[in-house]
Each structure stands twice: as structure tokens, then as C-alpha cells.
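Student: These protein sequence lines are chains A and X, in that order.
Start counting the first sequence at 1; every next residue gets the next number (this note's numbering).
Start counting the second sequence at 328; every next residue gets the next number (this note's numbering).
Hints are supplied without guarantee of correctness; some may be wrong.
As the list claims (entries may be wrong) - Here are the computed lysine to any residue pairs in the SDA-like style, where the Cα-Cα straight-line distance is at most 20 Å: (1) A/K200 to X/E605; (2) A/K200 to X/I613; (3) A/K200 to X/A606; (4) A/K200 to X/R608; (5) A/K200 to X/P609; (6) X/K635 to X/A595.
Claimed, not checked - Stretches of chain A that chain X covers, calculated by requiring three or more beta carbons in the stretch to come under 8 Å of a beta carbon on chain X: (7) 191-202; (8) 212-220; (9) 236-248; (10) 268-277.
Said to hold, decoys possible - To give an idea of the interface, some chain A residues facing chain X are shown, with a C-beta separation under 10 Å as derived from the structure: (11) E43; (12) G45; (13) S158; (14) G160; (15) D188; (16) Y223; (17) A224; (18) G255; (19) L256; (20) M257; (21) V260; (22) P261; (23) R262; (24) D264.
To be clear, the hints were calculated from the coordinates, so they are not data collected in a lab.
Ideal Cβ positions, reconstructed from N, Cα and C, are used throughout, including at glycine.
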Amino acid sequence: MGAPLLSVRGLSTEFRTERGTVKAVDDVSFDLAAGETLAIVGESGSGKSVTAMSILRLIPDPPGRIAAGEVVFDGRDLLKLEDHEIRAIRGNRIAMIFQEPMSSLNPSLTIGLQIAEPINLHRRTPWAAAMDMAVELLGRVRLPDARSRLKAYPHQFSGGMRQRAMIAMALACQPQLIIADEPTTALDVTVQAQILALLKEVTRAANSALILITHDLGVVARYADRVCVMYGGRIVEAGSAREIYARPRHPYTIGLMASVPRLDQATGTRLVPIDGQPPNLADLPPGCAFAPRCRNAVDRCRSERPALVKSGPEHLSACHFHDQLSA
Amino acid sequence: MTSSVPDAVLPETVLEVRDLKVHFPVMAGAVVRRQVGSVKAVDGVSFNVRRGETLGLVGESGCGKSTTGLAVLKMLDITSGQVVFEGEDISGYDRARMRPIRRRMQMVYQDPFGSLNPRMKVAEIVGEPLEVHGMAADRTVYRERVASLLDMVGLLPDMADRYPHEFSGGQRQRIGIARALALEPSLIICDEPVSALDVSIQAQVVNLFQELQERLGLTYIFIAHDLAVVRHISHRIAVMYLGRIVEIASRADLYARPLHPYTEALLAAIPIPDPEVEASRPQQIITGEVPSAMRPPPGCRFHTRCPKVMELCKSVDPPMRDMGDGRAVACHLHGG
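Just chain X, with the same shape it has in the complex (with noise of 0.2 Å):
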């Protein structure tokens, strides 16, 4: 994806994703174990982020939008295309290669209760990185800044002694936050972060990670389904079908004039919390569900569900187009 912004004016780019691309193999037979198909989960994905912004990434289930998270981590085996990160082309790197560069890129997860080791003291949990790394020779300091971490994301410092099952989910997700932030990421990953959470307590997480940004120039890719959490944290956002990403705008553009009729459709879908509102609003709801990424339609991926949808549709995929603005967006409907 091309700006047509002058780049001298862009905010340091972090992370550069090029085409990228990871398949499954798909094996079967019990005696000789062949491949007999691929599931594409993420096939041809361009993005970047820029320093100190938010880029969120939405879709449904099988979209590929946590796989073009772990790809980036390099936690995956990518297929073919190239992650840059902060200059450095990560592609090929190996475990090695890549342990300098994940103190610099960090995940938090969906499963605050998953995701944390249930035999390992807070302190230990948000301090473990640091050992990892070899950043924990003076105890003082490393106590120091166990503690400053803790207080960072809002826990007591006398919590540093208790065990993950003794705090409630929201109190988790901060541990989880805490030690993601131990090694001064410049890069976080956050997979479904506040999903899991109940809604009083989505809020405080959404407004904690907005303020650590603020405080710590801290530059986040959202992974989410939840299109008004989205809307609310993320500067710009990339909408992904089955292993695609069909359209990608400021936030502004994206929910004011939706351009992908995907994208339309993730809206109307969502409901607005005020009956007046809902009464008014016109109910288009798209039918079908995801196709399988094992076989995914030729032509447009959307196209099965599209309602707008057209005989070139069904047979040429649309390639991603520049709309201008830092917008584009695949699909016939914009064919310039």
C-alpha cells in the first residue's frame, strides 16, 4: 500500500508488513502422511504502523487477523513476504536472531487466565523478562522496577506477592500488561485483550492501554472483533476477510464512509446501545457465514455474501487500491 502522503511528513513508520503470507499444511493418510491442501490464513497482507499510533485489525473468526499478529512475532513460520520492523527485515530470522528483537515487540493476550503462570508470584511473572534478558543482576533495581511496573498499570505494590488466581480478569489483563511492558517494548501486539473482560471492566483496560501510550510513546496493533472497542482505540484500522485485508482507512473515513460492502456489513451488524437509535437504523444484515480458508470462492473472497456483488466479482479477485488519504480498499465497486 502506497501514502499519498509526502513520507517526509509521516511519523516513523515501525513496522512494515510486505505481502505477507502463512499457510497450514493440511496433512493426511495414516501410513504416508501427504499434504493434501493448505489453509491460507493469511495470504497477501501489506500494512505498516506508524510510531506511537494504534492500527487496528478486525474481522471474524478465520480472518487471519491473530495469525498476521503471531506472523509478525515472528511466533509463526511465515510462508513468504517480508515483516520490517523498525528497519530491520525480520523475515528470516531465526530464534536467535529474533531474541533481541522480541524485547522490543511484546503480545498481550486474550485469556488473562491462560496466559498467566498460575504457579509464579506477580512479582515473578511481571519480572521474569527481565531475568530472560539478563536485566536482573542488581536486585535493587530490579525490584525497583518490578514495583514501577506494577504501578504503572494501577496494581498495589503489595500485590507483587500473590498468585495470579487470587486477582479478578481485569486485574490479570494488567498483570499481563505489566510484563509485556518489563523490556520497554517500542511494539505491542494486543490479541483480543479485553474480550474476555466484563463490560465495566473492558473500560478500565481500554483506558489504561491509552494511557500508557500517551505516557510511553507506545505503538499498538488492536486485534479485535469488537468493531466499537475498535473504533474507540485505534487511530487506523485494517478489516480482514479470510486472510485478506479488504479495506484499511483512518478511523474517521472507515466508519463514516465505509468503502467495502464487508465492511458496511461489520456495522450495520453491530448494535447501537439506545433503542431510539436501533429503531431507526436500517437493519441489513448479511446472509452466510465465512467460507472455509481451506477453499476460499475465486474471484472476490467476499463475493458469496456480497450484497452488491457482480459477475467480474465471481471470477477476478480485486486487487487493493490507493484511494488516496492512507485509504484503500479491494473491491470492484472501486475500481478507480
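In isolation and in its complexed conformation, chain A is listed as follows (with noise of 0.2 Å):
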């Protein structure tokens, strides 16, 4: 393999809060080749928004910082780039797609202008151009009567429309980078399993990369290649999702395994929930962040953090006792 397409390398993001410093992303590392789907998964505060934020440097500031770190694209640190040069990739060589697409829609615009807006405005194409163009995208996410709906406010389409727009807006620059951060968390089971498959589908074809955002372990199973699992601000799990799945080593993924029931299991048997709640970002244990929920925590888990070390070809581990485990 080739220099990475995206590389992340010891990223740390802040927000300074009435209790001090939160430290919500913590020495965060990891790379992307083009046409890979990486999951990050986590839950509520486990800093997998945050970084994906980091990346495009939307973290609003203040409160916000990254504090340290870079974010190698395509060779360039984008850290180190000045404002409009970092506004010239968002949205055109980087593309996001949210939860919530009727927030990060205008409500106030046509559909078909803020499809055609950043092909008009990176690719210098003229506007009429750029609506033929616009109507192409929305067959290729499968819109129908795509020329109609050019003119159609974002309140006329229904959750899924809208999402399918949002992809459409995301592909119009031809990006090497999608991001998606929990895309299809608002909508309807069969409308999820709809636009995840189209989201795949158009990455594929385009050979981007995508970084997919969930709490969900069936969807990351589902569509990612690689996965990194995060607790507490940081990376705690990292590798191919055949061998993560197959071979847990972080007593937190092989947890949050347990307490999810499968449609494939045995029923009649208790889930295994993890003890305790999420940790606080504002109040973590010195050692690793996971210790007061492990089953397995010694001493030393509660006074030295673990590094992320090598645990297996193409995986990463980061407990003290990750050759020791079994899920």
C-alpha cells in the first residue's frame, strides 16, 4: 500500500468547560486508503463525532480546540492550511453527511440549488451546468422524477428524500472523502438499510474513501472494512472488522458484543450488559478509562493507561491484557 489517503496522527481536540479542561479526543490515530470504509464506532462521549469534526476542523472554537496533532490528506496537513484553503476541500475533496439532514439542509433553498451550489462554487461551473449536473446526481441516488425535484424545499421530502439529497450534495465534487457521522440513526429501518447499501454503493463506485460514524455494531458489520473502537476519548480497539469481530481483545468491545441481542442468536438467554455508566471526559481515572467497568481490572489498569499496542496482524489493542483475552 501506497502513502495513505487520510492519515490521523496523535489528534487531540479540547473544550474548555465551567469544570476545566475535557479533554474529548485523546492522542487519536489512524489511516485511510482510498475506496476503505472505516467505522468508528463508540457511544454518547466517546469522542467519534468530535473527531470526525476535527478532521474537517469544524470544532467551534471557543469553546473548542484541537490542541495537538495532525491530519495528513492526500499529503497535506490540513491542520496547517489557512482558512480558505481548508474551505476549498470542505464539501468538495472532503464531503459530510449528518444525522439529521433537515438541519443541515437550508430550509429556505431548493433542493436542486444546494445540490448545484458547490459545484458552482469549487468547479467554478456555471449555474445551469451545475443544475444538469444536479439532476444527474439525484438519479444516482435514486431520487425519482430527479428534473421535478429541483425545485422541491427540503420540508416536501420525506426523511429518506432527504438523506438521498444529502448524498447527492456530498458526491457532487467528486470527493476522495466522505465522512458520515450516524447517517441514518433518524430514519426508518428499511429507509436505513436503503441508504447505508446506496451509500456503499456510490463510494464504491467513485473508489472514495468513507468514514462511517455509529453506535451500531450491526451496520459497522455490515459495510466497514476496518474499524476503530473508541472509549473515553481515545482509540481503545483498531483493525480489519473480521478480525475484531472474530477476536475482540479489549474487554470493551467484546462487552458492548454481549449486550446486544442478534436476530441470529439463541433467545431465552440473558444479555450481559457492562456495569456502571459511561465514564465523565471531565473526571477520567488516571489508568484506563474503561477500568471502573472491567470485569478484569487489576491495580495496575487503574493507575497506568495502556497503549495502543499491536495485538495481532491488522489489530490494536489497547489493554494491558489484550493476549490474555477471550471473548
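With the hints as a guide, dock the two chains, each given alone in a separate frame, to form the complex.
Tutor: Quick look at the structure:
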């Protein structure tokens, strides 16, 4: 493999709050190759969304601040770019899709205008031609009657149609990377499956990389090539999806998998929950953030923070006992 | 729906819903308001729930699952049909007559943030139903009851004097459950009770529901869109689509042999958290979205999205047919 498309190194993002500085993302590193789908999995407060926002420098400052790290995209560190340079990348070479399409679409502009805008802005394509491209894009995301939909406003669309329009907008400038933050959480089950399949199909066709941020282990299993599991602002486990599901090497990942019911599992057994509550980022323990909830924790876990180390081919784990765990 | 099992061997029926309809009028006109249509949120739903069992109600938004729950509790006006609770037809009851019934039927809501009064301490939230129903006269007994309710849902006694904002989502849901349990109900309607919670916390709350059911003999209607969770917790499951039940069956039958194409589609849409399994699973994703409940399609309401649609389906509404073993389905493919 040559140089990765995206290389995140030592990324740390902080927020200043009343209770002091909170490290929402702490020393996060990962690589992503062209055409690859990486899932970032975690629960609320794990830092998965802040990681995504940090890549595009969408962290509101104040109160937020990217405190350290590099985000090298196609050879350039995005964190060192001037504001106008990062604006030329957003929506152009890196596109983002959010959970709630209604709040990321402008309610007072037509769908056609919103899809054509980045094409006009970034590619200097004249409006009429950009509108033609918008029709083509709406067809590609399988919105029926694309031409007549151009004049529609977001409120006239259903949730699934809005998310299709968002995907069309994201595809407008043929981005090399699409970041999708919980893109289907607000949608119905059957529509969720449609949208994810569509996203996978269009990224595959364009050989774009995809970062899929989700809490849903099923979605990860169906769509991701590689996985980063986040907890308390840090990556606790990373590797190929098959490796992580077959041989999880962190007690948090093992715990998550045991706590979700599966359609293909025998019924009548109890779920095995993870005890306790997710950590408070303002008050993280000095050792492993998961130690207070971990059934295997020993004194060392409470005092010494485990580093993310190699635990097998294509597999990293941040557990002192990664080589002694069994799911 | 009738069952082929003789009534004598069935456990007691706690709730019976017969041909329930809840229609909401749609009004228009700025000066003279007139009704221009109606949303048939629930349009002819029948089912029963036996003592000690969990009936799962699943379906996508607009299918009427939450409206059904609210109508059973009489928190909405019923357009027609019967709701028989513990042998008593409560369909026509007004607020005053519902009051003693409400003690026996409680609700747990989805949003543990919006459903608890932020100005009340936990002990007040949990104890309020006791006060409302005049069961708080003896303060010692009252305090003991509140303490035992908190204990029952896994909260510590010293949490009683704190306010909801001091708790996490999972703990708030426990507070909501303790409040629902205060009056010792026989039926609890749980409306998406775990979908707002983090994955690791969902399992804690699901287990709590199951433990309480075993300990207290509770009956649940568990409303959710997550089929994996519903399968895990329910004994029987009713699948709803656009205001109707399209299939009802035991958990084992429904998941092993779904009869209605919509049930099949819902199951196929849920990914299994295992890449090996997913790689070999046929990906049958149905197209389209749920149509408006104001103008449901003619014939079978699912025909616009059904991969197995036939000419008949476009004009003739399939009736619910008894398939034996307590199973019923509304689909022309299973016309008997």
C-alpha cells in the first residue's frame, strides 16, 4: 500500500467548560486508504463525532480547540492550512453527511440550488450546467423525477429523500473522502438499509474512502472494512472488521458485543450488560478509562494508562491484558 | 383474532383489543375550519395479551404502534372498537372512570429526559402516584415504599433526594420504571423504552424489565422499532404497517418463518453484528418509504413496496387470517 489518503496522527481536541478542560479526543491516530470504509464506533461522549469534526476543522472555537496532532490528507496537513484553503477542501474533496438532514439543509433554498452550489463554487461550473449535474446526481441517489425535484424545498421531502439529497450534495464534487456521522440513525429501519447500501455503492463506484461514524455494531459488520472502537476520547481497539468481530481484544469491545441482542442468536438467554455508566470526560481516571466498568481490572489498570499496541496482524488494542482475553 | 388452542389451557387474558380505530381529523380553512380528511393512525387493530407475557409491537414510523399504546391507556380518544382490560370494557370510560383503572396500567416512555419533572426530587417523582391515589397517608409506610421501589430498579437509597439532571439516561429510565411500578400495575406499556439509551446501557435496562417481570408477574406491551431487542424481550410479536397489524405470531415462528413480506423485509433490513454472517446473507432491501397515513394505498397497504405484489393486492385488502398456533397474517399469499 502506498501513502494512505488520510493519516490522522496524535489528534487531540479539547473543550473548555465550567468544570475545566475536557479532552474529548485524546491522542487519536489512524490511516485510511482510498476506497476503504472505516467505521468509528462508540457511545455518546466517546469522541467519535468530535474526531470527525476535527478532521474538517469544524470544531467551534471557543469553546473547542484542536490541541495537538496532524491530519494529513493527500499529502497536506489540514490543521496547518489557512481558512480559505480548508474551505476549498470542505464539500469538495472531503464531504460530510450528518445525522439529521433537516438541520443541515437550508430550509429556504430549493434542493437543486443546494446541490448545484458546491459545483458552482468549487468547480466554477456555470449555474445552468451545475443544475444539469444536480439532476444527474439526484438520479444517481435514485430520487425519482429528479428534474421536477430540483425546485422542491427540503420540507417537501421525507427523511429518507432528504438523506438521499444530502448524499447527492456530498457526491457533487466527486470527493475522495466522505465522512458520514450517524447518517441513518434518524431514519426508519428499511430506509436505513436503503441509504447505507446506497452510500456504500456510490463510494465504491467512485473509489472514495468513507468514514462511517456509528453506535450500531450491526451496521459496522455489514458495511465496514476496518473499525476503530472509541471509549472516553481514545481509540481502545482498531483493526479489520473481521478480526475485531472474530477476536475482540479489548474488554469494552467484548462487553459491547455481549450486550446487544442478535437476530441469529438463540433466545431465552440474558444479555450480559456492561456494568456502570460511561465515563465523565471531565473526570477520567488516571489509568484505563474503562477500568471502573471492567470485570478483569486489576490495580495496574487503575494507575497506568494502557497504550494502543499491536495485538495481532491488522489488530491494535489498548488493554494491558490484550493477549490474555477471550470473548 | 382467534386461537386454535382451547381457551381453558390459556393463561388469563389481561388485555383484549378488538378492531381498534383511532382516526385524527385533518382540518383546513382559516375562517371556517372544516374537516378535509383524517389520518387513520390505527385502523382496525385486534390482539390480546395474556398475564405474565410480553407482546412486542414493531413497525416503522407512522405504523400506529405508539398510538395503539396510548389508546389502550385511554390517553387518546378511540374512534371505534373495544379495549377490554382485566375483563372490563373500558372503551367508553371517561377520565373519572379511568382513574382506578390507571393504577393497574402504566406507561414507561422513550425519553428519560423529557418525561421526568426536573423540579422534583427522585423520591417525589417515584412517590407522586402514591400521593395522587391517596396511598401516602402513613409517611413511614410511604417512605419505605419509595425506598423499596428504588431498590427494585437498582437505584441506591441516597439517590432519593437528588434531581433528575444528576442522573444518566439509564438511571433516569430506572426512575421512570420505579414510578410506573409504584401502584403495582398488572400491565405496563413500554414505548421505545431503551432506544434513547447507549448500547451498553440498553442491556442493563432490558435485563431489568425481564427481572421485574419474573419477580412481579408483570405483563408488558413492548413498543419498539429495533427488531433484535423486541425479539429478545417478547414472547409474541405483532408487526404493524400503516395502522394495521400485518402479522402476529410467537417470537420463534415470526423470526424463523416470517409469513408476511413486510416482516421478511424488516428482518432483512437489520444487520447482524458479525461480518462473516453479513457477507453470506442475501441483501434483500425493499424500496420506497412508508406512504402517508392520510392516503393509505388501496388494497393491501404494503402493495406499493411489496416485492411479491400480485394484481389482487392492488385492489383487495387482505383480511387477517388465522394460521393456527396463535399465528395470524394479513396477506393474499396466505389466503388459506
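Student: Next, verify each hint and record whether it holds.
Tutor: We went through each hint and held it up to the structure:
{"no.": "1", "hint": "A/K200 to X/E605", "result": "holds, 14 Å"}
{"no.": "2", "hint": "A/K200 to X/I613", "result": "holds, 16 Å"}
{"no.": "3", "hint": "A/K200 to X/A606", "result": "holds, 14 Å"}
{"no.": "4", "hint": "A/K200 to X/R608", "result": "holds, 16 Å"}
{"no.": "5", "hint": "A/K200 to X/P609", "result": "holds, 16 Å"}
{"no.": "6", "hint": "X/K635 to X/A595", "result": "holds, 15 Å"}
{"no.": "7", "hint": "191-202", "result": "holds (count 5)"}
{"no.": "8", "hint": "212-220", "result": "holds (count 6)"}
{"no.": "9", "hint": "236-248", "result": "holds (count 4)"}
{"no.": "10", "hint": "268-277", "result": "holds (count 7)"}
{"no.": "11", "hint": "E43", "result": "holds, 4 Å"}
{"no.": "12", "hint": "G45", "result": "holds, 9 Å"}
{"no.": "13", "hint": "S158", "result": "holds, 5 Å"}
{"no.": "14", "hint": "G160", "result": "holds, 5 Å"}
{"no.": "15", "hint": "D188", "result": "holds, 4 Å"}
{"no.": "16", "hint": "Y223", "result": "holds, 8 Å"}
{"no.": "17", "hint": "A224", "result": "holds, 8 Å"}
{"no.": "18", "hint": "G255", "result": "holds, 7 Å"}
{"no.": "19", "hint": "L256", "result": "holds, 6 Å"}
{"no.": "20", "hint": "M257", "result": "holds, 7 Å"}
{"no.": "21", "hint": "V260", "result": "holds, 6 Å"}
{"no.": "22", "hint": "P261", "result": "holds, 4 Å"}
{"no.": "23", "hint": "R262", "result": "holds, 6 Å"}
{"no.": "24", "hint": "D264", "result": "holds, 5 Å"}
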